[in-house]
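Here is how the chains run, residue by residue.
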Amino acid sequence: EAGVAQSPRYKIIEKRQSVAFWCNPISGHATLYWYQQILGQGPKLLIQFQNNGVVDDSQLPKDRFSAERLKGVDSTLKIQPAKLEDSAVYLCASAFRDMSPTEAFFGQGTRLTVV
Amino acid sequence: KQEVTQIPAALSVPEGENLVLNCSFTDSAIYNLQWFRQDPGKGLTSLLLIQSSQREQTSGRLNASLDKSSGRSTLYIAASQPGDSATYLCASYHKAAGNKLTFGGGTRVLVKP
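In order, the protein sequences belong to chains L and B. Under this note's numbering, the first sequence has 50 at position 30, and the numbering climbs by one with no breaks. Under this note's numbering, the second sequence has 41 at position 27, and the numbering climbs by one with no breaks.
Honestly, the hints are just simulated from the structure, not real lab data. Source: prediction; values computed, not measured. Hints may be right or wrong, so weigh each one.
Unchecked claim - Straight-line C-alpha distance at most 35 angstroms; calculated DSBU-like pairs for lysine-lysine:
| # | chain 1 | residue 1 | chain 2 | residue 2 |
| --- | --- | --- | --- | --- |
| 1 | B | K126 | L | K82 |
| 2 | L | K64 | L | K91 |
| 3 | B | K126 | L | K91 |
| 4 | B | K114 | B | K15 |
| 5 | L | K82 | B | K15 |
| 6 | B | K56 | L | K64 |
| 7 | L | K91 | L | K35 |
| 8 | B | K15 | L | K98 |
Stated by the list, open to error - Now the in silico label distances, taken between C-beta atoms and shown as ranges:
| # | chain 1 | residue 1 | chain 2 | residue 2 | range |
| --- | --- | --- | --- | --- | --- |
| 9 | L | V135 | B | S73 | 33 to 43 angstroms |
| 10 | B | A92 | L | V135 | 25 to 35 angstroms |
| 11 | L | E123 | B | T40 | 18 to 28 angstroms |
| 12 | L | Q37 | B | S79 | 40 to 50 angstroms |
| 13 | L | S38 | B | A92 | 46 to 56 angstroms |
| 14 | B | S42 | L | E123 | 12 to 22 angstroms |
| 15 | B | G55 | L | Q37 | 19 to 29 angstroms |
| 16 | B | P127 | L | S86 | 44 to 54 angstroms |
| 17 | L | K98 | B | D81 | 14 to 24 angstroms |
| 18 | L | S86 | B | T40 | 23 to 33 angstroms |
| 19 | B | S60 | L | K64 | 10 to 20 angstroms |
| 20 | L | Y30 | B | E70 | 30 to 40 angstroms |
| 21 | B | D81 | L | L90 | 37 to 47 angstroms |
| 22 | L | N71 | B | A93 | 19 to 29 angstroms |
To be verified - Interface residues of chain L toward chain B, partial, derived using beta-carbon atoms under 8 angstroms:
| # | residue |
| --- | --- |
| 23 | W42 |
| 24 | T51 |
| 25 | G62 |
| 26 | L65 |
| 27 | D76 |
| 28 | L111 |
| 29 | A124 |
| 30 | F125 |
| 31 | Q128 |
| 32 | G129 |
All C-beta atoms, glycine included, are put in the ideal place defined by N, C-alpha and C.
Construct the complete structure from the given sequences, taking the supplied hints into account.
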């Protein structure tokens, strides 16, 4: 079974530039999460989708971050414009809702450096 | 709002010693609790998932316990090896909150040969 795919693996941009990350979840997984992990900290939830609907985006900085989930499958996370404090690893995860136990599977992440 | 805490933030042990990693959560109405391992520069690898109705789960040298009433989970790693050096993260699921997954800050483990 293929895992969660993320691209790119690494990205370096200058502040005020834009960047986009892509995630392809495990086939059939209805729940998709985007997390931000700053060095030395645990992952922080940015947004959670159930199919193509948003379940929780309370910690998403909506003035600069946006996310969408196309047809309930792939998802993109965009930052525009980027700030230095956005330097982090962005993790995507998926889970098969209604399966008990609900287990999340993570991709390798995208490491973003803003200079 | 659920808060998940892991203490200590870092731990160093000699090879062969048993590891005990702690995770506490403020809201006991969890659905499941999951332990992950993260190697430097890598994503998260799932180690064990404990359902709210269970008290423990085992996989090889790993054993995780769950005590919902006290808001605690513990990950035990028997006979540690240098290859166990990594960051260990716990996360709780809240079904009532749409299966929201909340992480602790992690415990960075170093096993010295």
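Which hint numbers doesn't this structure obey?
1, 3, 10, 17, 22 and 23
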